[in-house]
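Trainee: Spelled out from the first residue to the last, the chains are:
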Amino acid sequence: MKNKKTTDIRTLKKKAIKIRKDILMMLEKSGSGHTGGSLSLVEILVALYYYKMKHDPRNPGWQGRDRLLLSKGHGCPALYAVLADCGYFPREELWGLRKLGSPLQGHPQLGLQGIEISSGSLGQGLSIANGMALANRIDRINPKIYCIMGDGETNEGQIWEAAMTASHYGLSDVCGIVDFNKLQIDGFCCDVKGLEPYAKKWQSFGWHTLEIDGHDFKALINALDEADKVIDKPKVLIAHTVKGKGVSFIENRVEWHGIAPKKDELEKALTELNEELKKC
Amino acid sequence: MQEELKKKPTRDGAGEALLELGRKNKNVVVLSADLTDSTRAGWFKKEFPERFIGFGVAEQDMLGTASGMALSGKIPFACTFGVFASGRAWDQVRVSVAYMNLNVKIIGTHCGVTVGEDGATHQAIDEIALMRILPNMKVVVPADAIEAYKATMQAAECDGPVYLRLGRQAAPVLTKAEDPFIIGKAVLYRDGKDVTIIACGHSLYEAKKAHEKLKEEGIEARVINLHTPKPIDRKLILAAARETGAIVTVEEHTVLAGMGSAVCEVVSQEYPVPIKMVGIKDVFGESGKSMELLKYFNLATEDVVRAAHEALDAKKHR
Ligand SMILES: Cc1ncc(C[n+]2csc(CCOP(=O)(O)OP(=O)(O)O)c2C)c(N)n1
Chain A
9 MKNKKTTDIR TLKKKAIKIR KDILMMLEKS GSGHTGGSLS LVEILVALYY
59 YKMKHDPRNP GWQGRDRLLL SKGHGCPALY AVLADCGYFP REELWGLRKL
109 GSPLQGHPQL GLQGIEISSG SLGQGLSIAN GMALANRIDR INPKIYCIMG
159 DGETNEGQIW EAAMTASHYG LSDVCGIVDF NKLQIDGFCC DVKGLEPYAK
209 KWQSFGWHTL EIDGHDFKAL INALDEADKV IDKPKVLIAH TVKGKGVSFI
259 ENRVEWHGIA PKKDELEKAL TELNEELKKC
Chain C
694 MQEELKKKPT RDGAGEALLE LGRKNKNVVV LSADLTDSTR AGWFKKEFPE
744 RFIGFGVAEQ DMLGTASGMA LSGKIPFACT FGVFASGRAW DQVRVSVAYM
794 NLNVKIIGTH CGVTVGEDGA THQAIDEIAL MRILPNMKVV VPADAIEAYK
844 ATMQAAECDG PVYLRLGRQA APVLTKAEDP FIIGKAVLYR DGKDVTIIAC
894 GHSLYEAKKA HEKLKEEGIE ARVINLHTPK PIDRKLILAA ARETGAIVTV
944 EEHTVLAGMG SAVCEVVSQE YPVPIKMVGI KDVFGESGKS MELLKYFNLA
994 TEDVVRAAHE ALDAKKHR
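Chains A and C supply the protein sequences, listed in that same order. Under this note's numbering, residues 9 to 288 are what the first sequence spells out, in order. Under this note's numbering, residues 694 to 1011 are what the second sequence spells out, in order.
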């Protein structure tokens, strides 16, 4: 394991702001992409890549690495920004997002260093996570497999097929993380297709659930460590988040699901984030 | 006198190969979605329970899990009926398997109308199309149990995703263990100079009988066993177009976008000659007995013979 673990909350918070700025700059340059669902993911990814996961940017294929599968592939700007910052590929690549010939496709494509799966068609990641865990069981190794899903994404039936498979086979190396930002495309999740009682659903499917504030690093770190202690069943972190988190005029606005900031909007957003940075 | 051919389902050939692969290659794992005995995955399960994973009735999850296992170095064979492996789980095959060019092997059994009484929902008659249009995917349709065995063994060896199309019912064994079989390389099954019949899967038997009938009429029909609709063997097909000047395709599949269409794509662009397609004409399947259905859907020997005459006529009147 070559990456440095950070437990210092201030450092993590600063990192999150830097990542948010990169996300917004990438999206502005590309002119399209998913802003809201990228910004809600930031603390989750930062906690995983700078605190929790065993991974090595210089040796991305290392068999013993922990895996991060971004099942909600449209949130990839956040993942790209984190991977670049970790050193998986040069930061300049970020500015090629969604451009012809760039490895930073509109949705993640296998081949870019640090990307574990292609995704973008929602609902497929959790089954893949299970497959990795099942293969690892045969090989008697046990890296952790983290799979990030959107709350809306869990409307998909395949998620619940996979939920049953994971609990049936007791896949305790699988840790689902739901970016529970309460919004999807058509509106609030509760209006589109109610998910509640959400934790109970997972529990009744045989999962250990942890429910936390997905922007609170202390809570994230504790929950990720807590999850390690559960060794007889799969677990899921229901991370309560805010779609568009960190930028006042993007937060909780359904219309910011699938659009990129324009130049003036980017300036405004960066000013806000720079103010935040000063407070850290 | 018609010689008596031994009969055996292609799914049995594949099942035997899986068992052999289990012994030879510890990376081979077998997945099944509540059709473990029907697909013959059960033979592997019995001997290698620790490398068998059952999913219940959850094909999408099975294909996704296969993807994860392949990403972690395994060679998963995902087994279910052809209709469900393709139609039900198509987007999972597309994104989680083909897009990542993963080593997932898909075994689809009970294909074609000859599955019989179960009817349209269970008769895979469009999955050659569904699978072959996916980049990276190989599509193999063994003509008999011996080819199914070889195809399964080779699928484990070759890189990337493979779809194996297999049947339920006992089908005539047309090839020998010592015959060469290479995925992607079509076989010249009978030589002839007047017209070429290109067949895959069980339809090779109808092509063979058509060849014999035509011979009685003094027509020499070449027969090609196109067991791999994709990647297609352009060379053998174009040689047939050039040398016989007329082609008939035969498949237990819709004529839309199937094996015959794949032949047309090659021939029409590179050496156009008249082609007649024997296949299902844009309709769903029906319940019935295998042989009844072959006749009902015009997939029987006499239909191949008729198509050969039409192709010959077209050739003459060009
Ligand atoms: C199978 C599938 N159907 C539809 C879409 C289009 N789509 C992209 S994002 C999205 C909403 C996802 O909502 P959620 O999972 O809550 O994501 P978030 O709000 O965090 O962005 C939809 C429907 C898709 N990508 N995949």
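Any given hint might turn out to be false.
[Claimed, not checked] Dumping the calculated BS3-like pairs for lysine-lysine here, alpha-carbon to alpha-carbon at most 30 Å:
no., chain 1, residue 1, chain 2, residue 2
1, A, Lys-241, A, Lys-270
2, A, Lys-241, C, Lys-1008
3, C, Lys-1008, A, Lys-62
4, C, Lys-982, C, Lys-928
5, C, Lys-719, A, Lys-241
6, C, Lys-738, C, Lys-869
7, A, Lys-241, C, Lys-701
8, A, Lys-29, A, Lys-276
9, A, Lys-29, A, Lys-107
10, A, Lys-22, A, Lys-190
11, A, Lys-208, A, Lys-276
For the record, the hints were derived by calculation from the structure and aren't laboratory data. Since the model is a prediction, treat every value here as computed from it, not as a measurement.
Trainee: For every hint, state whether the structure bears it out.
Mentor: Hint check:
1. Lys-241/A with Lys-270/A: violated (45 Å)
2. Lys-241/A with Lys-1008/C: Violated, because 68 Å separates the two Cα atoms, which is more than 30 Å.
3. Lys-1008/C with Lys-62/A: Roughly 68 Å between the alpha carbons, so the hint for Lys-1008/C and Lys-62/A is violated.
4. Lys-982/C with Lys-928/C: violated (37 Å)
5. Lys-719/C with Lys-241/A: It holds: about 27 Å lies between the C-alpha atoms, which stays within 30 Å.
6. Lys-738/C with Lys-869/C: holds (28 Å)
7. Lys-241/A with Lys-701/C: violated (44 Å)
8. Lys-29/A with Lys-276/A: holds (11 Å)
9. Lys-29/A with Lys-107/A: Judged against 30 Å, a Cα distance of about 19 Å means the pair holds.
10. Lys-22/A with Lys-190/A: Holds: Lys-22/A and Lys-190/A sit about 25 Å apart, inside 30 Å.
11. Lys-208/A with Lys-276/A: violated (40 Å)
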